[in-house]
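There are 2 protein chains.
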Amino acid sequence: MATIKDVAEKAGVTVTTVSRVLNNRGYISDATRNKVRLAMEELQYQPNEIARSLMRKRSMMLGLIVPTIAHPFFGQWAYSLETHASARGYKILLCNSRLDEAKEKDYIDMLKSNRVDGIIMGSHTIDVREYIHLGKPIVTFDRRIEAIPCVSSDNYQGGVLAAEHLAAKGCRSIAHICGNLKLDMLGNRRTEGFVDSLRKYGLEPIVVQLGADAFDPAEHEQVVGSLLSEHPEVDGLFVSSDMIAYQVMKVCAAKGIRIPEQLQLIGYDDIPISEWITPGLTTIKQPIEEMSRLAFNIIEKLIEGEGAELPLEHVLPVRLIERQTTRQPGLLG
Amino acid sequence: MATIKDVAEKAGVTVTTVSRVLNNRGYISDATRNKVRLAMEELQYQPNEIARSLMRKRSMMLGLIVPTIAHPFFGQWAYSLETHASARGYKILLCNSRLDEAKEKDYIDMLKSNRVDGIIMGSHTIDVREYIHLGKPIVTFDRRIEAIPCVSSDNYQGGVLAAEHLAAKGCRSIAHICGNLKLDMLGNRRTEGFVDSLRKYGLEPIVVQLGADAFDPAEHEQVVGSLLSEHPEVDGLFVSSDMIAYQVMKVCAAKGIRIPEQLQLIGYDDIPISEWITPGLTTIKQPIEEMSRLAFNIIEKLIEGEGAELPLEHVLPVRLIERQTTRQPGLLG
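Residue numbers (this note's numbering), protein chains in the order written: chain A, 3 to 335; chain B, 3 to 335.
No wet-lab data here; the hints were simulated from the structure.
Check each hint, because a few of them may be wrong.
Copies of the same chain are indistinguishable here, so a pair counts whether it falls within one copy or spans any two.
Distance condition first, Cα-Cα at most 27 angstroms in a straight line; then the derived DSSO-like pairs of lysine-lysine [unchecked claim]:
(1) Lys37 x Lys184
(2) Lys138 x Lys7
(3) Lys138 x Lys107
(4) Lys37 x Lys107
(5) Lys202 x Lys184
(6) Lys37 x Lys257
(7) Lys12 x Lys107
(8) Lys114 x Lys12
(9) Lys37 x Lys114
(10) Lys114 x Lys7
(11) Lys303 x Lys138
(12) Lys107 x Lys7
(13) Lys138 x Lys12
(14) Lys105 x Lys37
All values derive from a computational prediction rather than experimental measurement.
If we strip away everything but chain A, and leave its shape as in the complex, we get (with noise of 0.2 angstroms):
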């Protein structure tokens, strides 16, 4: 592989004036520059990214940790993210936890040891302390930890205006499905929001909790499947994601159960495809383009040691979609 030292000899040129093309740095006449590139392309010489990063102590690289790159809503946060990262010229190591605590933490030593810059964190298993002595910028998407900050969006919101809407749309049964409560995550504020929104409408909802890995269809159809054989007086149904709710119209389709008539569903998250299935699915919308740029912004803040004065929580607004899982208003007003 060739080195700046056989660019300097084929172009004729010294060591420190490559070195000056590489960086852009200090007077370089349009000719030797030209002489450098073609014995550049000619050598097909690339500059070493990996020694030039040990020498800056900056890697460009940023740890993403996700449960899972295969829900939609993680493969739309990481594609946005990674657009504002790789137009600032960072690259993003993509982690997959699937929820493993253990799998967790491998990913954030290794993260140390390949010196990323920062980690941005969307999967929270790990204990509060191993984030604390990470010793290196990190941001959470939606857990709240001491000093580090968070993006999220306004889950209790996003849990408050899917009890007025069921409310409001005349449903009395109510039902909830959520993820683990006992995972320290600022989604859980959803099911906070939907109970005590209820309460004020003197309406209690049944609570089902998904297990520890929140992320397994096979998961989602048995306790969809359970909780409807359960309680066939449910008429109104609150998921804490759009994928959970995929899995409701599939169920009812299988039981004859009909969205809206008999079951009106509320979904989270807003991706793309729930728009273009019939019915459309009703759901919370997350920013997840302003989310994702925000962690960005936030990150790089931090790796350039300008973050001290920026505020630790950054919660974004949600807003319900209405579509046909919900049916037309009117019953009680």
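Fit chain B to the known structure of chain A by using the hints.
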């Protein structure tokens, strides 16, 4: 930040001993090993993987270039690939090209500069020469280029299965929406297989190509809308991804076209959601899990210098999954 020398001093051993513990080489007593580990923990020592990778000329990083990780097919593919890679100690650098030639070229330069050990390419707009002069292990997904190993599923057969299914279901005015056929992708063989096969039944399908950005939902909707407005006679439609099929469902719901009674629909990929929605989508299943495992196995072999005897073309079988968007058999038998 603690160095290996600090660890040695704290543990009261030599630097060589610490290095042996780190690399699991040579005889080390359990007592010594524990002393070293304790010192590392107390000093929060992290071995510097970047410096190590410079020494052993391996970065243990793979570049993954996909059109967009926000597309559930590529999301699942990346998830599965990362699972295999991380089990073998490899990290994945994620790149979304959005099928933009300049972005694709920038990523390849970036990955070369970062000394990734290999590249898995699932986005193909750039010139063949760029691949051949890459000078490092590469596996392509869905594109055959000279001596570069390629993983794909049997795209031609996918088209044949879709054609035979629609013909057997009695469709007589058949249309097909596919990606841009100018891109040199094996996916184009879906269209070839579909058209060739229908001609055997004396049928000539309308073929509509998407533009350069085959992953833009707004374009999908517009293309589907125009097709169904200009050709209300169409009674069978095969589209080259499940994501496009969902858009067809949305447009049909808006136009009052009943699926499958008036229009029978077949997608491609079989992402999980296709099973959950109503009506369930008849589609051609790509073996995503097997494809990603194979791609990783090949790149690992190439990196280890064992790729010489590998076949260049790895074509995995597809199958048709019949659900409710195509109707009960019988009209033509």
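Against the structure, the hints come out as follows:
1. Taking the shortest alpha-carbon separations for Lys37 and Lys184, neither the intra-copy value of 63 angstroms nor the inter-copy value of 36 angstroms comes in at or below 27 angstroms.
2. With identical chains, the CA atoms of Lys138 and Lys7 are at most 27 angstroms apart between copies only, with a shortest distance of 22 angstroms across copies and 35 angstroms within one.
3. For a Cα distance limit of 27 angstroms, the shortest separation of Lys138 from Lys107 inside one copy, 15 angstroms, qualifies, whereas the shortest one across copies, 31 angstroms, does not.
4. Taking the shortest Cα distances, Lys37 and Lys107 sit within 27 angstroms of each other only across copies (22 angstroms), while inside one copy they are farther apart (49 angstroms).
5. In this assembly of identical chains, the alpha carbons of Lys202 and Lys184 lie at most 27 angstroms apart only when taken from the same copy (25 angstroms versus 60 angstroms across copies).
6. Taking identical chains as interchangeable, the C-alpha atoms of Lys37 and Lys257 are never at most 27 angstroms apart, the minima being 73 angstroms within one chain and 62 angstroms between chains.
7. For a Cα distance limit of 27 angstroms, the shortest separation of Lys12 from Lys107 across copies, 25 angstroms, qualifies, whereas the shortest one inside one copy, 48 angstroms, does not.
8. Proximity of Lys114 to Lys12 under the C-alpha cut-off of 27 angstroms is restricted to the inter-copy arrangement: shortest distance 21 angstroms between copies versus 39 angstroms within a copy.
9. Within a single copy, Lys37 and Lys114 get their C-alpha atoms only as close as 40 angstroms, which misses the 27 angstroms cut-off; across copies the closest is 22 angstroms, which meets it.
10. In the homo-oligomer, the alpha carbons of Lys114 and Lys7 lie at most 27 angstroms apart only across protomers (19 angstroms), although the nearest pairing inside one protomer, at 32 angstroms, exceeds that limit.
11. Proximity of Lys303 to Lys138 under the C-alpha cut-off of 27 angstroms is restricted to the intra-copy arrangement: shortest distance 12 angstroms within a copy versus 35 angstroms between copies.
12. Proximity of Lys107 and Lys7 under a CA criterion of 27 angstroms is satisfied inter-copy only: 26 angstroms between copies versus 42 angstroms inside one chain copy.
13. Taking the shortest alpha-carbon separations for Lys138 and Lys12, only the inter-copy value of 23 angstroms comes in at or below 27 angstroms, while the best intra-copy value is 42 angstroms.
14. For the homomeric pair Lys105 and Lys37, the shortest alpha-carbon distance between copies (26 angstroms) is at most 27 angstroms, but the shortest distance inside one copy (49 angstroms) is not.
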